[in-house]
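Chain P is already provided as a structure; the job is to place chain F on it using the hints.
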Amino acid sequence: MTEGATLVGIARARGRATVERVDEAVIRAALTEVMDPEVPVLSVVDLGIVETVAVSPSAIRVTILPTFVGCPALELIRTAIADRLAVFGRPVEVAVSFAVPWTSDRISAAGRRALRESGFAPPTPAGAGPIVLGPPVECPHCGSRRTVMENVFGPTQCRSIHHCTACRQPFEHFKAI
Amino acid sequence: MTTTQATHALVADRLTRDALAELLLALADDEFVIGFSDSEWTGIAPLLEEDVAMSSLAQDELGHAAALYGLLGELIDRDPDAIAYDREPDAYRHCRLLDHGRGDWAMTIARRYLYDTADAVRLEALVGGSWAPLAELVGKIVREERYHVMHAGAWLERLASVEGEPRDRLLAAWDALGPDAGTVFSPLVGETTLQGAGIVAATSGELEDRWRARIAPTLVRLRLPILPPTARPERGRLEHGEAFRSLWGGFTSVRRSDPGATW
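Protein chains in written order, with our numbering: chain P, 1 to 177; chain F, 1 to 263.
Chain P on its own, in the form it takes in the complex:
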């Protein structure tokens, strides 16, 4: 939901040393430890869903962009972010926005590497026009392009299912969207 998307995390010291200087860079660094529950090799930062971070002495406000409108992991992600930032000792607000549409082009180079290393083909460029099936996706296991798409829809909204005819392994592709 665009509106009313506030979540206040009550500061809970977790036995960590107090961080003296809290700024945007510190918050973004902390968020690299918050993983996407559906693709747990990707942090929310590498996934590219962290849009803005605003830090004041009285609050931390993070705005995230959903990967899909109906993404069922969204509430989990908001809670995980609020929990991770609770250590900074001030109310945390995690807002959800569609002001900028998230696209798979926002996944970072490090995120693409992490996907490949875990057997996921990273997304091909998203574009904006009608979906045209491009050349076969490169197999993340053996690097072959002799692959076929078995299903453009997969186990979660953001994944499609493929098969490599070279190494005969199935694999998933992070959908270009």
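These aren't lab readings, by the way, just hints derived from the structure by calculation.
Because the structure is a prediction, the values reported are computed rather than measured.
Accuracy of the hints is not assured; some may be wrong.
[Said to hold, decoys possible] Now the stretches of chain P that chain F is said to cover, found in silico as 3 or more residues with beta-carbon under 8 Å:
id, stretch
1, 64–77
2, 95–104
3, 148–155
[As the list claims (entries may be wrong)] The calculated label-pair distances, taken between Cβ atoms and stated as ranges, are:
id, chain 1, residue 1, chain 2, residue 2, range
4, F, D104, P, V148, 26 to 32 Å
5, F, I44, P, G89, 51 to 57 Å
6, P, E75, F, P259, 19 to 25 Å
7, F, S253, P, A110, 42 to 48 Å
[Said to hold, decoys possible] Sample of chain P residues with no beta-carbon within 12 Å of chain F, all distances over it, derived:
id, residue
8, A82
9, R112
10, R113
Here a beta-carbon is modelled for each residue, glycine too, at the ideal position from N, C-alpha and C.
Just chain F now, kept in the frame of chain P:
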């Protein structure tokens, strides 16, 4: 990002707000009803791949519906779940195209193709609209809907191209749905107000013409009959038959069994 107050403030004018509420309800109900219809294929689709595909499509559509009911809920200050589930069947404003029941696979594909192509034209007219909460949401929705159009188009081609049972069943579905296909564009109360406010870029009539022209080459190529004019367009979102009552009975059953329950 806007706050609840800002959402109201942006639509201070009562007439515009009422017209916008009508539009949001029609959009949300369409996505909600087709999403639930698609979800009926989970576990019984003709191919395992289509079990997964229809479930994923349904998840997308219900997600769009939830977001649209959320905007409407803020606009009229009502709980989105109550809007989605606590109405009698006659109060739903989805189009009659979605009132034919699940039917067979050909019926499902014909309905999806007609709805997805029409929905794409309708959404294009909302992307640049002046009411940011809707324009932004639609900007995201269209990216997902591109996959739906591709899926429906590929299956339409497959069924239309194989003589015998596949094509016969598709033609039967086409005949049943044809007169209702244009109801996606049934005129909404207050749509001239919305156009004046810059929230939508064209009238329903203009959008319907655009849609018919856009799909015509595909219909010619696949030798599918040109769609007849819409039957009773002014009633296109107002009359829901037995098939919808049955669907409604299913999707409201949990809510009605224990009103107000949370989990």
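Going down the list of hints, with the structure as the test:
Three residues within the 8 Å Cβ limit are the bar, and the stretch 64–77 of chain P against chain F gives 6, so the coverage statement holds. With a threshold of 8 Å between beta carbons, the proposed coverage of the stretch 95–104 of chain P by chain F holds, since 7 of its residues qualify and at least three are required. Proximity of the stretch 148–155 of chain P to chain F, defined as three or more residues with a beta carbon under 8 Å from a beta carbon of that chain, is established by the 6 residues found. Distance hint for D104 of chain F and V148 of chain P: a CB-CB separation of about 28 Å, consistent with the stated range 26 to 32 Å.
Between I44 of chain F and G89 of chain P the Cβ separation comes to about 53 Å, which falls inside the hinted range of 51 to 57 Å. Checked against the hint of 19 to 25 Å, the C-beta distance between E75 of chain P and P259 of chain F comes to roughly 23 Å, which is consistent with it. Separated by about 47 Å at the C-beta atoms, S253 of chain F and A110 of chain P satisfy the suggested range of 42 to 48 Å. For A82 of chain P, the requirement that its beta carbon stay farther than 12 Å from each beta carbon of chain F is met, with the minimum near 17 Å.
Separation of R112 of chain P from chain F is adequate, the least Cβ-Cβ distance of about 19 Å exceeding the 12 Å criterion. The claim that R113 of chain P lies off the interface holds: its Cβ sits roughly 25 Å from the closest Cβ of chain F, which is beyond the 12 Å cut-off.
Of the numbered hints given earlier, the model fails none.
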